[in-house]
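Asker: Residues per chain, in single letters:
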Amino acid sequence: DVVMTQSPLSLPVTLGQPASISCRSSQSLVYSDGNTYLSWFQQRPGQSPRRLIYQVSNRDSGVPDRFSGSGSGTDFTLKISRVEAEDVGVYYCMQGTHWPPWTFGQGTKVEIK
Amino acid sequence: EGQLVESGGTLVQPGGSLRLSCAASGFSFSNFWMSWIRQAPGKGLEWVANIKRDGSEKYYVDSVKGRFTISRDNAKNSLYLQMNDLRAEDTAVYYCARGRGLDPWGQGTLVTVSS
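The listed protein sequences derive, respectively, from chains V and H. The numbering used here numbers the first residue of the first sequence as 9 and each following residue consecutively. The numbering used here numbers the first residue of the second sequence as 245 and each following residue consecutively.
Keep in mind that the hints are not guaranteed to be accurate.
Derived DSBU-like pairs: lysine-lysine, alpha-carbon spacing no greater than 30 Å straight-line [claimed, not checked]: (1) V/121 x H/296; (2) H/287 x H/309; (3) H/287 x V/117; (4) H/296 x H/320.
Read the hints as simulated data drawn from the structure, not as lab findings. Please read these numbers as outputs of a predicted model, since none were measured by experiment.
Construct the entire structure; sequences and hints are all you get.
Answerer: Quick look at the structure:
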């Protein structure tokens, strides 16, 4: 199974400042069709997860443009350009290239300093 | 956009059975793979199972193989998860989600396995 490793696991940030979360996979996530199936999810306190980013860098509808995804192969990053209070929660990366199983990272908890 | 609503979660004894349901609306259900994901209390996300559009392919995480069965009824726009031989470690909020890309998710239903 592909292991997804996120860092840091806890990320205190100052409002208005940038934040960055790393996600590394134990194998390249490039699929045979040339696409890379790496997604990012946000889970606000008390809510269901919500997908933010799919295929590394594509923002889902309604996701603010302060969120961006990048990376390739085995190394990926989620960036928040200026953290707002509503961004507090846990962020997960997930791979959908080598399945089954679809696997998630451990989660990164973003909180306001 | 689509909406998903799970139901069926409750307290069940170890070794017991439970059937979860997920009602879909706002999109063409039969055109999408569907997935179940769970989250144990205070823990991260774990993909559990998914099923192809016509039900012809089903996949499971190793820890539930032989105990859980995913199914769907496209005429009723509904997804199901039959859970047998439940164990304490199956205690979790169970979410359904559309597609293999998992978007969107339902609100979840809590399954507690305890005596």
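Asker: Would you mind marking each hint as holding or not holding in the structure?
Answerer: Here is what the structure says about each hint:
About 44 Å separates the Cα atoms of residue 121 of chain V and residue 296 of chain H, which puts this hinted pair outside 30 Å; it is violated. Simply put, residue 287 of chain H and residue 309 of chain H have alpha-carbon atoms about 21 Å apart, close enough for the 30 Å limit, and the pair holds. For the suggested pair residue 287 of chain H and residue 117 of chain V, the alpha carbons sit about 12 Å apart, so the restraint of at most 30 Å is met. Under the criterion of a C-alpha separation no larger than 30 Å, the hint pairing residue 296 of chain H with residue 320 of chain H is consistent with the structure, at around 16 Å.
In this structure, only the earlier hint numbered 1 is contradicted, and the remaining ones agree with it.
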